[in-house]
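Student: The lines below spell out each chain.
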Amino acid sequence: MSGKTGGRSHRNVKPEGQSGMNAVDRLSVFKTYKLFVGGKFPRSESGRVYEVTDAQGAWLANAPLSSRKDARDAVVAARKAFGGWSGATAYNRGQILYRVAEMLEGRREQFATEVAAAEGIPRPKAAARVNAAIDRWVWYAGWSDKVTQIAGAANPVAGPYFNLSTPEPTGVVAVLAPRDSSFLGLVSVIAPAIVTGNTVVVVASEQAPLPALSLGEVLATSDLPGGVVNILSGKAAELGLPLALHQDVNAIDLTGADGELAVELERAAAENLKRVLRPQPGDSGKGAWSADPGTGRMLALVETKTVWHSMGV
Amino acid sequence: MAFDYAPAPESRAIVDIAPSYGLFIDGEFREAADGKVFKTLAPASEEVLAEVAQASAQDVDHAVKAARKAFETWSALPGAERAKYLFRIARIIQERSRELAVLESLDNGKPIRESRDFDLPLVAAHFFYYAGWADKLDHASFGANPRPLGVAGQVIPWNFPLLMLSWKIAPALATGNTVVLKPAETTPLSALFFADICRQAGLPKGVVNILTGDGTAGAALVAHPDVNKVAFTGSTEVGKAIARTVAGTDKKLTLELGGKAANIVFDDAPIDQAVEGVVNGIFFNQGHVCCAGSRLLVQESVADELLDALKRRMATLRVGDPLDKNTDVGAINSAEQLARITELADAGESEGAERWAPACDLPSSGYWFAPTLFTGVTQAHRIAREEVFGPVLSVLTFRTPAEAVEKANNTPYGLSAGIWTEKGSRSLWMASKLRAGIVWSNTFNKLDPTSPFGGYKESGYGREGGRHGLEAYLAPSSPKGEHA
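The listed protein sequences correspond, in order, to chains A and B. Residue numbers 1 to 313, in our numbering, belong to the letters of the first sequence in order. Residue numbers 1 to 484, in our numbering, belong to the letters of the second sequence in order.
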């Protein structure tokens, strides 16, 4: 706890300084940020936290410093949720993703404040990013019952068979969320993974995890079944390897891994031939995540299943 | 009283195998840089068919350089012109299909009936299918004007040598890539004959390069820094090593690996059809099939009836000379593979499963393994978990559809599965629950160039065949759509 304090001044109507307490000001209530695993809000099993600061180094909160065991627990939760979520109708999944947007719409102020603090950007810019993130949920919500139609095929095989290819979710996806886009980037990697029926274990941006942990609170009240999205805060370097090696994880998105870590994790992911999304040059820096997301992220996390139905009388 | 079949051998005279072959690099055959060679055998007789150059890392480099140089002009060619080269190749394959079928049966050991009626027609069909895509890529849903990746390094297995070559080369060339392909060590000949077909078709030099050799040549190709795309079909173990090798590079990777498919027979299935499907599922191509139905899951109530019928049918399988037109099961491809099958079958016995094989006379020379089934197999047995890649069937039973799904999916593989039932709604329900890339309902081991093929989980990633098969060789026009 060596950093500056007072970073949560936004919680008060008036700024709360080191000596700002007087009889009129109300002392704000801090939130204990917790993980989001299996639809519940546990602390790290390790009991560890780390200090999260704003861009100026002022203390914002103590976030859970997740352990390898937390990562494994999250994978168990994600696997448990997979059958139900992948078996839900596309219409139902679309409704739930849209519900996330609805829930966020009412909490735009809170997220704009958190994003501004997390990313060190002016409030209006943060508000615009939150708006874009909400719109992104809406964009992906609409894809739920269309992705099969653009990625599937009826194949004219040379024989008496009805031959149909359809995309199916690949399974449990580990996601290292973008490091420098704490909310828009985060939503941009979660939504395309879950819309097709995958379940995810997300490692939030290490420097800016608070918007991600707050997103858990929104997901918990959006009819999303527990375990579909699991959010961990901590170090990508510590959590990445156990996730990349995990035998019950089917794919890993390395967007939030820096060069060296990404290579190490891709190599580890070969252990059970996880599908790997490598970091893309366009996924960091100026303007990242603001462009039309396209279908690439959704289609990278589906498997094409082809069924041959024998025809005859 | 059984009647004996008279021998009905296909003539070898149609194929002219040279005593030695070089590497096909930049449009011409040449010796390996270090002059090394190896022999390729006919597995049915252990006869030496030819001596073949053993590519080294230096040869890989030469081939990749030739492919890189050819890429400039090949990728700039209008799609319609690339298409015509592929159509030419398809036609020449049809013209020479009997010669190629005999060659394939000699070098691989598979029955001529299969190389003639299955492999070769599909090889030609694959080139025809992708030829037609070459000038239609703007319509393939990968963005406007999708670009080729560059040089593709392709490594293929020995079970369907020419068919796997077509799966690799046809989509690569259609999309404007150039290729360096390494056929399997034990089956190099049909790829070398394909090089001659490229010559006949007038294919520009360097567009297709064929390197014969062992695993070290394949490893050098995969690791070559100027290769943009790696496509591999083979074992899961090697596939994992390749995935490690390409980690941290920009190479795009597709892997088509092993399988342990469940062939699931319900009590309402037409038993005779199901038995044919089970036999075809595991004994087709000596069981050297990644999508082979190596686990029979039969509903308990019909298990005895089905097993009796299956054993009766297995007793009629004719094992022997691959060039005999009446042969059902040919030779095991190599001594090494025979040792692996033998070891796993022995493990099946020692772990407590009951082994059965029909009485059958096996030739005295060559590599042979009688069609074999195991009953009393549990999910923990090695023969129920590991890919045998031979004519060995493990039989397990189930009571409910849910139990069948659970057992079928209880494997790190996820390539294929089969369902035998007369009930349409059950077939559709099962198909949706099975975690496998290909599901056959009331059929098995069917392939088609229009139909995407590839696995879930440790059976690999990416698809070959169909519109989906183009993706492996294209860079989408929008960088946002790009992914590994």
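Honestly, the hints are just simulated from the structure, not real lab data. Backbone N, C-alpha and C define an ideal beta-carbon position, used for all residues, glycine too. Certain hints may be false.
As the list claims (entries may be wrong) - A few chain B positions that, by computed beta-carbon distances, are all more than 10 Å from chain A:
id	residue
1	Ala-8
2	Asp-138
3	Ala-223
4	Pro-225
5	His-468
To be verified - Beta-carbon label-pair distances, calculated as ranges:
id	chain 1	residue 1	chain 2	residue 2	range
6	B	Ala-144	A	Val-76	41 to 51 Å
7	B	Glu-95	A	Met-311	42 to 52 Å
8	A	Pro-281	B	Asp-226	35 to 45 Å
9	B	Arg-318	A	Arg-72	30 to 40 Å
10	B	Arg-318	A	Pro-281	40 to 50 Å
Student: Against this structure, judge whether each hint is valid.
Tutor: A quick look at each hint next to the structure:
1. The beta carbon of B/Ala-8 sits about 26 Å from the closest Cβ of chain A, which is more than 10 Å, so the claim that it is off the interface holds.
2. For B/Asp-138, the shortest C-beta to C-beta distance to chain A comes to about 16 Å, beyond the 10 Å cut-off, and the non-interface label holds.
3. For B/Ala-223, the non-interface assignment is confirmed: its Cβ lies about 14 Å from the closest Cβ of chain A, beyond the 10 Å cut-off.
4. Non-interface call for B/Pro-225 relative to chain A: holds, since the shortest CB-CB distance, roughly 15 Å, exceeds 10 Å.
5. With 10 Å as the threshold on Cβ separation, the claim that B/His-468 sits away from chain A is violated: the shortest Cβ distance comes to roughly 6 Å.
6. Look at B/Ala-144 against A/Val-76: about 44 Å separates their beta carbons, and that is inside 41 to 51 Å.
7. As the Cβ distance of B/Glu-95 to A/Met-311 is approximately 32 Å, the hint placing it in 42 to 52 Å is violated.
8. At about 20 Å, the CB distance of A/Pro-281 to B/Asp-226 disagrees with the hint of 35 to 45 Å.
9. Between B/Arg-318 and A/Arg-72 the Cβ separation comes to about 53 Å, which falls outside the hinted range of 30 to 40 Å.
10. The hint said 40 to 50 Å for the Cβ distance between B/Arg-318 and A/Pro-281, and at roughly 59 Å that hint is violated.
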